[in-house]
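*Asks:* Taken in order, these protein sequences are the chains called Z and W.
Numbered by our numbering, the letters in the first sequence go through residues 1 to 366 in order.
Numbered by our numbering, the letters in the second sequence go through residues 1 to 366 in order.
No wet-lab data here; the hints were simulated from the structure.
Since we're looking at a predicted model, the values are computed, not measured.
Just so you know, not all the hints are guaranteed correct.
Identical copies go unnamed one by one, so any copy, or any two together, can satisfy a pair.
[Unchecked claim] 20 Å max Cα-Cα, derived SDA-like pairs, lysine to any residue: (1) K219 with L281; (2) K38 with F330; (3) K170 with R316; (4) K170 with A62; (5) K170 with I58; (6) K38 with E267; (7) K293 with P283; (8) K170 with P45; (9) K38 with S175; (10) K170 with L216; (11) K170 with G52; (12) K219 with E201; (13) K170 with S60; (14) K170 with A325; (15) K170 with L294.
Listed here are the chains, written in short residue letters.
Protein chains: 2
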Amino acid sequence: MNQIDEMNQINQPSMTSRVRTKARHQIHEFDLIRALHKRHSRQSPSVIQGIGDDAAVITSPAGQWTVLTTDLLTEGIHFDLRTATMADIGFRAAAANLSDIAAMGGSPKHLLVALAIPRTGTSRQIHQLYQGMMDACRPHRVGLIGGDTSGSSSGWFLSLTLIGTASPRKALFRSGARSGDFLYVTGTIGDSLAGLKLSNEQPSRTKTQLRNTAALSTKHRQFLIGRHLRPTARIAEGQWLSAHRLATSAIDISDGLSGDLRHICEESHVGAEIHLSALPLSPACRAYAASRKLDPVNLALSGGEDYELLFTVPSRQRSQLERTALTQGFSFTCIGAIHPLRFGIQALSPHGRRHRLANTSYRHFT
Amino acid sequence: MNQIDEMNQINQPSMTSRVRTKARHQIHEFDLIRALHKRHSRQSPSVIQGIGDDAAVITSPAGQWTVLTTDLLTEGIHFDLRTATMADIGFRAAAANLSDIAAMGGSPKHLLVALAIPRTGTSRQIHQLYQGMMDACRPHRVGLIGGDTSGSSSGWFLSLTLIGTASPRKALFRSGARSGDFLYVTGTIGDSLAGLKLSNEQPSRTKTQLRNTAALSTKHRQFLIGRHLRPTARIAEGQWLSAHRLATSAIDISDGLSGDLRHICEESHVGAEIHLSALPLSPACRAYAASRKLDPVNLALSGGEDYELLFTVPSRQRSQLERTALTQGFSFTCIGAIHPLRFGIQALSPHGRRHRLANTSYRHFT
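This is chain Z alone, in the form it adopts within the complex (with noise of 0.2 Å):
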């Protein structure tokens, strides 16, 4: 661990000598790392030991459970170079470690960086990494606590550990959810997803395409790639469902409501009903459904890494939650309902239709 041995490690023969590290013009690339990790610690009583020791050290509030989250990015696979710039890459994956945290209901406090470089990588992109990695972090009061940094032979690499606090019995889990609680969700769903596919439109414009752009206004577009590349964790969210009680269950909307709901089904041993026209559709989406000739509920029940909170609520705290979100200017919708296990997963159609909700959340581009 920490950065003071980066330099080191690049150049270290570790098991391989033959393997060729290079590396010494990336030597300053680590230098400049150490400068933002130091810049980016921040002093807080809880921090007994940041950056610079063999490892971090800190303190939990007495009687606080310490929640911890890892996320994983890999040029290639999560992110592309040509439709998102690296501060875009630092933000999206500080915000799905927040969402993780928020999904419990949890605090988040301090962040570990592992970042492997490609030997094409400049310093001017890892400062926009951090940069946009911190711009997540920032309003959450997220320090750096640790990180590593290698060079790497292949593609941008990059881990990120979240740590966080939560109220022992009052933190949210997946498992929690019991027949008859309502099921919410926050914000809008289904943007996400938009905003990737118009940012791969982009690159190759064919006619059709052309004239769909057209048909799109800017303001929706902007919503939309936004919406994707700089998606909110609902940390505020999830602390108010915690602190109150209020949610028998929380999952942040990762993957995609369909598989996410799923996820809450088979932990907490229940079934559930959506209603489609319930679904909360932003006016961006559905402008851009319509464009393209798209089903928007489609976009909402696979399109995954909205970040939104899908959380169940007992029936009789529903009109405290309804009445008290409104007050803190929360926004939460109602999608449907929990069931026994044997009911299964079902969704209810605009027409009043019932069936079986397929799982798309990972299949829709494959």
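Following the hints, complete the assembly by docking chain W onto the known chain Z.
*Replies:* Quick look at chain W alone, frame taken from chain Z:
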């Protein structure tokens, strides 16, 4: 985070649909990892939620500090599949993290694993990788609590985060060394570099190398390669030094003695002198150096990844350290002393000559 999401992540278009995510054949590998994670997770009262939710949730013993370290290994930079098995790579990655916790005087507890698998990766390789990691972790009762898995468009990529505990006011930092302290090291040093060099000799043997090979006994060869591929993290030693408040500072030798000593001097604002004749060298390392006409002292000074502890002891506690170390069966060797900052870092040769100690930790193979 969480393994449930893996198979989705690999097929999820994410930012990139044009970058082919293929990987339908990889799904069974993610199923395998899910099974491996379940197998290697550990029932422990300190784990509230392990694998299977948005984030892991743990408790820390009241008043204890939490210690965190992360290490990154990339194929082609940190390891070479021609000279190490997947099990060796897993073992070594875990040992490197365990060693960071050892250097803080901490107790390792929980492991998060982020893994990117190339298209050519097989179930067998994944199985072996986890086997190696857990072989290193098992003696310390470290269990898996989470992770993330992805495809890789190039080589293997492994990032581990290890979480442990340490006693407040007893944890060992790099910054506590004081002028007058004695400088100690555990075990023997230089073995790992000798083992690395031996590993790299094998595939393309010259006549000279064959003659040299013959000059080194199989026992010595196996010892050195074993020290390189399967290093021992000095957890018990670190905990003992911490518990008895015998060390004022500590670091693990991951970059090489000359570089790691420099880290202690920089963080503690002190100088140091090491006695080259006192460096603990194994018979195997001496035999290897003799057969290759190398100076074993240079191997000891520049060779990283021995994962021995380098630590400082106040003079008044020296006799207690040496007396009780014997009863514990620890191998501690005094190799020098700490001096004021202006002294710089010097080496005393066996002939009684002093010279400024060059930092050869990250240069010897470039």
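*Asks:* Now look at each hint and say whether the structure bears it out.
*Replies:* Verification of the supplied hints:
1. When the C-alpha separation of K219 and L281 is checked against a cutoff of 20 Å, the pair qualifies only within one copy, where the shortest distance is 16 Å, while the shortest distance between copies is 69 Å.
2. In this assembly of identical chains, K38 and F330 lie within 20 Å of each other by CA distance neither inside one copy nor across copies; the values are 35 Å within and 37 Å between.
3. Only within a single protomer do K170 and R316 lie at most 20 Å apart by alpha-carbon distance; the minimum there is 18 Å, versus 50 Å between protomers.
4. When the C-alpha separation of K170 and A62 is checked against a cutoff of 20 Å, the pair qualifies both within a copy, at 15 Å, and between copies, at 19 Å.
5. Taking the shortest Cα distances, K170 and I58 sit within 20 Å of each other only across copies (14 Å), while inside one copy they are farther apart (22 Å).
6. For the identical chains of this complex, K38 and E267 are inter-copy neighbours only, at 15 Å across copies versus 41 Å inside a copy, given an alpha-carbon limit of 20 Å.
7. With identical chains, the CA atoms of K293 and P283 are at most 20 Å apart within one copy only, with a shortest distance of 15 Å there and 76 Å across copies.
8. For a Cα distance limit of 20 Å, the shortest separation of K170 from P45 across copies, 18 Å, qualifies, whereas the shortest one inside one copy, 24 Å, does not.
9. For the identical chains of this complex, K38 and S175 are inter-copy neighbours only, at 17 Å across copies versus 39 Å inside a copy, given an alpha-carbon limit of 20 Å.
10. When the C-alpha separation of K170 and L216 is checked against a cutoff of 20 Å, the pair qualifies neither within a copy, at 43 Å, nor between copies, at 63 Å.
11. Taking the closest pair of Cα atoms, K170 and G52 come within 20 Å of each other only across two copies (18 Å); inside a single copy the shortest separation is 35 Å, beyond that limit.
12. Taking CA atoms no more than 20 Å apart as the test, K219 paired with E201 passes inside one copy only; the shortest distance there is 17 Å, against 62 Å between copies.
13. Both within a single protomer and between protomers do K170 and S60 lie at most 20 Å apart by alpha-carbon distance, with minima of 16 Å and 17 Å respectively.
14. Taking CA atoms no more than 20 Å apart as the test, K170 paired with A325 passes inside one copy only; the shortest distance there is 18 Å, against 46 Å between copies.
15. Taking the shortest alpha-carbon separations for K170 and L294, neither the intra-copy value of 40 Å nor the inter-copy value of 62 Å comes in at or below 20 Å.
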